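Taken in order, these protein sequences are the chains called A, E, V and C.
Going letter by letter, the first sequence gives residues 1 to 190 in the UniProt record's numbering.
Going letter by letter, the second sequence gives residues 1 to 190 in the UniProt record's numbering.
Going letter by letter, the third sequence gives residues 1 to 190 in the UniProt record's numbering.
Going letter by letter, the fourth sequence gives residues 1 to 190 in the UniProt record's numbering.
Hint data in this document are derived by calculation from the structure and do not stem from the laboratory.
Careful: at least some of the hints might be erroneous.
[Said to hold, decoys possible] Calculated cross-link-like contacts (lysine to aspartate or glutamate; reagent style EDC-like; alpha-carbon spacing at most 16 Å):
(1) E:Lys23 / V:Glu185
(2) V:Lys23 / E:Glu56
(3) V:Lys41 / V:Glu67
(4) A:Lys93 / V:Glu90
Treat the numbers as computed from the prediction; the structure is a model and nothing was measured.
4 protein chains.
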Amino acid sequence: MIQPLEPTVSPEAKKPYSLDSEKVESATREWLLKRGVTLDKIAEIVMFLQQKYFPELTMEYCIYNVEQVLNKREVQNAVLTGIQLDIMAEEGKLIPALQEMVENDESLYGVDEVLAFSIVNVYGSIGFTNFGYVDKLKPGILEKLNDKQDGQIHTFLDDIVGAIAAAASSRIAHRKQAEREKEMEQLRQK
Amino acid sequence: MIQPLEPTVSPEAKKPYSLDSEKVESATREWLLKRGVTLDKIAEIVMFLQQKYFPELTMEYCIYNVEQVLNKREVQNAVLTGIQLDIMAEEGKLIPALQEMVENDESLYGVDEVLAFSIVNVYGSIGFTNFGYVDKLKPGILEKLNDKQDGQIHTFLDDIVGAIAAAASSRIAHRKQAEREKEMEQLRQK
Amino acid sequence: MIQPLEPTVSPEAKKPYSLDSEKVESATREWLLKRGVTLDKIAEIVMFLQQKYFPELTMEYCIYNVEQVLNKREVQNAVLTGIQLDIMAEEGKLIPALQEMVENDESLYGVDEVLAFSIVNVYGSIGFTNFGYVDKLKPGILEKLNDKQDGQIHTFLDDIVGAIAAAASSRIAHRKQAEREKEMEQLRQK
Amino acid sequence: MIQPLEPTVSPEAKKPYSLDSEKVESATREWLLKRGVTLDKIAEIVMFLQQKYFPELTMEYCIYNVEQVLNKREVQNAVLTGIQLDIMAEEGKLIPALQEMVENDESLYGVDEVLAFSIVNVYGSIGFTNFGYVDKLKPGILEKLNDKQDGQIHTFLDDIVGAIAAAASSRIAHRKQAEREKEMEQLRQK
Chain A
1 MIQPLEPTVS PEAKKPYSLD SEKVESATRE WLLKRGVTLD KIAEIVMFLQ QKYFPELTME
61 YCIYNVEQVL NKREVQNAVL TGIQLDIMAE EGKLIPALQE MVENDESLYG VDEVLAFSIV
121 NVYGSIGFTN FGYVDKLKPG ILEKLNDKQD GQIHTFLDDI VGAIAAAASS RIAHRKQAER
181 EKEMEQLRQK
Chain E
1 MIQPLEPTVS PEAKKPYSLD SEKVESATRE WLLKRGVTLD KIAEIVMFLQ QKYFPELTME
61 YCIYNVEQVL NKREVQNAVL TGIQLDIMAE EGKLIPALQE MVENDESLYG VDEVLAFSIV
121 NVYGSIGFTN FGYVDKLKPG ILEKLNDKQD GQIHTFLDDI VGAIAAAASS RIAHRKQAER
181 EKEMEQLRQK
Chain V
1 MIQPLEPTVS PEAKKPYSLD SEKVESATRE WLLKRGVTLD KIAEIVMFLQ QKYFPELTME
61 YCIYNVEQVL NKREVQNAVL TGIQLDIMAE EGKLIPALQE MVENDESLYG VDEVLAFSIV
121 NVYGSIGFTN FGYVDKLKPG ILEKLNDKQD GQIHTFLDDI VGAIAAAASS RIAHRKQAER
181 EKEMEQLRQK
Chain C
1 MIQPLEPTVS PEAKKPYSLD SEKVESATRE WLLKRGVTLD KIAEIVMFLQ QKYFPELTME
61 YCIYNVEQVL NKREVQNAVL TGIQLDIMAE EGKLIPALQE MVENDESLYG VDEVLAFSIV
121 NVYGSIGFTN FGYVDKLKPG ILEKLNDKQD GQIHTFLDDI VGAIAAAASS RIAHRKQAER
181 EKEMEQLRQK
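Pulled out of the complex, with its shape left as it was, chain A reads as follows:
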């Protein structure tokens, strides 16, 4: 299964490994969809978090910022890894001790939060507060993901979606500041 260090020339030889970033990115988008998470649903949480600070905020701009977050490699890696663990738990294939914790969204497990934090961190520590807030209130799709009645397991995905929304909110806050400073600069130059 492991690539030979010196690729052989037999016709069946696997190609030497090389990271395929596009494949990782498209798998991320595809798997979010397969697990019921559209960009719109994440953008709704962003709107929930940011509307009071930026009343002019549009859903289009929220979706755009969610997309920018999803373009980040660290985010894609955390999304795929978390969804993978959710799926394996659904199939009952995890090590029993781990299976029980993931299956039951054990509150003392914590690895779901650890993965979520590698997402939030993408735009710095200012997103921590927003992540914790939505993780507690479970607005919009987070409530559905956290509803354990439909046989699906989203122990990782609900934290991941909250983290993407928190990161997108941080991104918006940074951009809005940049816009504000640009406008003030233009005012000064008049």
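Position chains E, V and C relative to chain A; hints supplied.
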């Protein structure tokens, strides 16, 4: 100001440096008090966070857990460093660019959250959610610390107090689990 | 697969879920062994890291500290999750885009480091340096785990083992300081 | 000292606060220089870390990547805050318990590593290893910053400089991957 590597014998010589953990601990308690933060006030936030999960929770037990958090070296170091920066900002002594951000609790500053997270982390990632939640809702003393009308600056302290409360909540969750498992063990042995 | 909220009384009914900490702990020890990692091998890395600071350090004391680290819930959860992902990669069962990255220990993947950090963090930020150092030098068993010639995949485990050794080193540093201060206290009292 | 919520019109009135990102950025550059840290010196550590992976690496490209890291708000905030604490320690103005720890670069202090990590994190967890490695080996300017013989205190700055170099290294690794994939894409299209 720096200690000589080989301590000299002159009578005025400074003692060679050696960390005095007790001094750091008592300074932490003292400075929290000086800045208006009693253990009770932090314990109230813990109660706010944990009451719904553990209805039998007492203020005494919340205070006890806050004290255990404050016994941790990492927590003491973050508390003292944060309060120090708040004080320097009050005295207007920071580098001007930094002074403005700390003085105005700039939401894009983020170093206050970074310090807070080194506190929350003391009992693992399960505290992140509680930290974000109280940092948003500002219950109890957090509202007062965040009220910028009295000339005092608590840019770091309000995050620090929320983080101590979140860490104490995590500690309680871990201990309650241990108690529960002990009881079940005793039931099995009957 | 999800536990019913109200346990039914049929004889085949699954017991209502309750975290079994002992099961998680013993699975952690067992799986480390199954993957070729003994406490001795981790203790050797601790010795490598700490010997120059504490020449009196014994292997027994290193092993003892590794055991204390392994008693921490956050550490157990990260170990089981990481080993699980390594095993699934060995079996070729991951989502293809993820499979390629884990199988090839892709340096831009980073989720292995994220999990490792939740371990290092258990005794605070002072362990980060030791983690990075052994992750680069790969002393002792880390070299073997990182050797991709034997068909086994240890993308997560090599970082996890380095992180446990770094955390044990931090624990030793904290304890040695406590001993030192106790001795000085006794000297003062004579 | 706190800004009035409604700006008054008296001629001496302070302008209402608004974050001035350019001021923060130029203060960051200026203070690094004042403390003896040029972009070249940081770039040398990047070269030390990355040369074996990318033999074609030039100092110009290393400097460019250091500059990109320094353009990040989180990095600027951590740099200014860390240097501020170093300066206050040099002037002996910290709370005594804190003064002793910062002045003596106490290894159990850890807040310097916490700040450093908010810098490393800017390009994800892949930088942790490089940070730990240079923090241990102290190549180039890190040795000088860590030399406690000249009366200057760089308890925070040495970790900060290592963190900037580690972040720049991560940035290079991400960009080199992008270049590689672009080239392969072009080869396929021929």
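- Item | Structure versus earlier hints - violations, ascending order | As far as the earlier hints go, only 2 is violated by this structure.
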